[in-house]
Each structure stands twice: as structure tokens, then as C-alpha cells.
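Just so you know, we're using the numbering used here here: the sequence shown kicks off at 14 and counts up by one.
Worth flagging that the hints you see were computed from the coordinates, not collected in a lab.
Among the clues, some could well be false.
[To be verified] Estimated spans, in silico, between C-beta atoms of each pair:
1. 332 with 495: 24 to 34 Å
2. 335 with 494: 46 to 56 Å
3. 429 with 291: 44 to 54 Å
4. 417 with 492: 30 to 40 Å
5. 486 with 184: 17 to 27 Å
6. 408 with 168: 19 to 29 Å
7. 291 with 485: 14 to 24 Å
8. 474 with 431: 43 to 53 Å
9. 408 with 338: 31 to 41 Å
10. 280 with 340: 34 to 44 Å
11. 289 with 320: 26 to 36 Å
12. 495 with 168: 26 to 36 Å
13. 431 with 188: 32 to 42 Å
14. 168 with 493: 38 to 48 Å
Beta carbons: idealized from backbone N, C-alpha and C, even for Gly.
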Amino acid sequence: MSTPTCSVTDMGPRQSVKTRGATHRLVRDPDIRPVARPIRPLVMLIVAALALASCESDNEPTPPNGTSTATCGDQTCAADEDCASCPADCGSCAGCGDGTCASTEDCTSCPADCGGCPESAGRIAYSADGNFNDEDDWAATAVALAILDQYGATDRLVHLDYNSVLCDNDPAWATEQETTVLGAASRFGISTAVLFDDQADPEGARNSIRDAVNASSAADPLFFIVAGPTQIVFEGIDRAEAAHYPYVWLLSHNRWNDGVSPDSVCTSITKRDIIELGVNWVQVQDQNGNCSDTDPAAQGFCTSPFGQPATAPQWAPWDWLANSSDGDLNWVHDRLLATTRADASDAGMTYFLMSGDEGASIDDLESLLEHDTIPAELDPRQTIRLEAENFRTLSDYELLAAGSAVSQRTKVRLTSATTGFIRTVFNEFYAASGHYDVAVRFFDDSAGSPATFTLRINGTPQGSSWSGSAGDDSWQSQTFGNVEILLGDEIEVEGSGSAGDLAELDFVELQLQSTL
């Protein structure tokens, strides 16, 4: 019997290209196949062993009289065996995770084989209110568009709707927000064709969102900043073709916008309605916090509390806008004054989209807008918090508004005292494949026996299941060190509750230790 030769294809190096202001990572040259993504050494050994076994199978003698003596596991892929019935002899069937980016796979459906989606400046959409409840968007929208202008990215803006509180409206406020949007468009070179007043033309806004989503692809994703209620956003996305949803990322920072807060308006639609369509949702830290603090390094783009006119010390961190030699920045300051408050917090999402920094200060904003200094991208981010309520799948879990002890004041819990799980794909902005310390924040209820939790990556448990100490009645964290997580991996937390303990979850936080 001759001995066949068999080779294992070498996986080439991961590709990376940077583009100023880009928000999605290029992880492969589309002409390179199989794709360069580190495969765990154990998996590579298994694949190699199966490949050798498959090669040897072609040279085994045929039993007499057409009978077969092969059994699964004898390292011979016989005629009556295949990859489905006997992967031990015939190798695993082709599919996601086999190391080859097949024609039916792409960077979104199978990043394990095809790598993450190409880095692209992508297109940008923006939805703001300003016509009811809070006048902060009169300033925040102006600052956000000034940021895009400074990055040379206003031509990437393909949709902007405003006055998005559909269930109520203050006409005077709506006029103020229109003044902001049209004024920014004229100053920063934005086409009026992409602007939609949701009070005057809600159908135009919905159809514009639909068209922006339908134009989305791996090569040209859509990044949608949600700076107002979710209703008009949901209705536009819901009109689009579902095939484009994987290439749409929504960005939010506040549960009022998300429709989760008890005082949210138009609460018939929440972010869960949008997430469950199949789009991606990214949540950054809430940039409304500590708005009464006069230290600009402490709270992003806000120095004045909601519902109160700003005091002189609260205006002071913004004086650079008024004193600038740039008339456009003087106009931005005028829009801030119009609110009677010193709050442009929603603009923090645009700063994050362009830079990767979710905790920028007013000093950082001054450096960008007044001193023309483009910040270094925070890529990859060292800390990424995945809010439990934003996981793609909530199975037997529901989201609830919560108190200030909970991140984003929103948590999830079992719908009944049984077992459920939350599951999502790791595909955040400014993220990398790497080794992470993973912390799961959970609640240990004093009622009944402690709940039990399990963390899984791609279905594989990480360490042992755990539970709190009975009677603690407090939020706690369970941390797993040096967990390998690749872009496109699936993260799952399972919770099992007993009588009265609903296995509540707050977030999963990843601390990057090293990149792959």
C-alpha cells in the first residue's frame, strides 16, 4: 500500500488598514483565502489529524464481495460514511469555522473564517428630538455636526431626522431645533436632501431610513446615532430588507432615548424592538451623568442639570466657543445659549463614533474644534461593557428599568423562576480579537436559594458555574481571567433561578489583556 501525502494550508497574516474616522475594523484582504484569523492551536491539530485521516482513506483496500468492514473511528472514511455520519474518519463538514471563507459566507455571517468586515468610513445617520421634553438637542445636534465637519465626514451623512417625539410636540421648540439643523447644514456643507423634519414629513423620514439601510453592505455599513426616541428609527428600519440588517449599527447612550426609562415618551417602541430585527446595537456610557459638576473632565459635554438654567460657573467651560475667531463656533455657542442650559451631551456619541473615546471631556472637544487637533483613535478599546439588555437574544429573560446602582439603569431578569440565557455576537466598534478578563455582574437575591450562572464562549463553558451567597441581596461580579474572545465569537450567560430568585444580570464587561 502506498502512503499518500497530505498538506495543511497555511493561514496567512491578519490584514489591517487604518482610515481616519473609520469605525469598523479591516481584518482581511478579500483576495486572501483561507482567511487569516488565528485558530486555536487545539483546533488546528484536530483539523490536521482529520485531514490526514481523510487522505489515507483513499488508499484502503476494498473488502471482498462489496461488503464493508469499516466502523466510525477506524480512521478510514468508507463509502458508507461521510462528514455528517462520521466526522472522526471523514473530517468535519464544510461550514463556518472550517477555516475556509466559502462563497456562501462573508465577514458578517462567518467572521471566524472570513475575518471581520472591511474597515470603511461607512455612512452615518442621525435621529434627534428637540421638539419636546428636553431642549439639549438644540445644542447637541449643532456640536455633533461640527464634529463631523472637523473630521471631513459631513459627506458621509446620508440621513438626519429631527423633532422625533411623534406623540407630542411643542411648536416653539420644534422651530428652535429646525433652526439648529438648517443652520448647521448651511455652515458645515450638509445637503438639505438628507434632512427630514419628523413633524412635517414623517413618511419622508421613514423612507429615507429605509433607503439608507437598504444601501448597507459589508463594504459600506451604516452607523446610526440614536439621539432621540426610537419610534421613527424603528419604523424606518422595519421597512427595509432584512438582508441588510447585519450591516447596520445603532449607537445610543441613554435609556430615555431607548424607550426604557419610566418617563420616556412614545414608549410603545423600545430598543429591544430594533435589536430583535437583527441590527447591531452599541451602547456607550451615559453622557448625561454629573451634569451639575463644573469640572469638564468629569462628565463629557454637559455642565448643567436638567430642568435648570445654567449658572455662570456652569457656562464657563464653554467660553472658548464664544471667544473663538471661528464664526461657526460662535454660532454653536449661540445654540447652546438658546437652551438656557450647558448641555450638549448627545454629541458625545458622535465623538465616540469618530474616535473610539466614550468618555471625552469638553477640553477634548475644544482641542478638536478650536485647535484642529484630531485625537488618536482609541483602537482597540481597553474596556468594553456589553449591557445585558442589548444582547441579541434574550431567551426567557426580560428587560426592566432599575435604579442608579445598575448600569444604564436597566437590567434583565428571568421571566419566571426557571432557566434562561442571554446571547450575543462580539462585534463592537473599536474592538479586537484578544485575551480578556471577563466580569459578569449579577444580582444575588435574598429570597430563596442563590441563582446559578454560567458563562460560555461559542457554547464552551468558561470555568465553573457560580452563584452568590444566600441572603446577600446585592449586585456582585464574577470575573474570569485571560479568556480568548475573537471578533465574531458568541458570548452567552445562562441563569437558573429558584423560587423568588430571578437570576438578574446587569452587564458583561471585557478588559483587554492582549490582542491576537
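Hints that the structure is at odds with (numbers, increasing): 1, 3, 4, 5, 6, 7, 8, 9, 12 and 13
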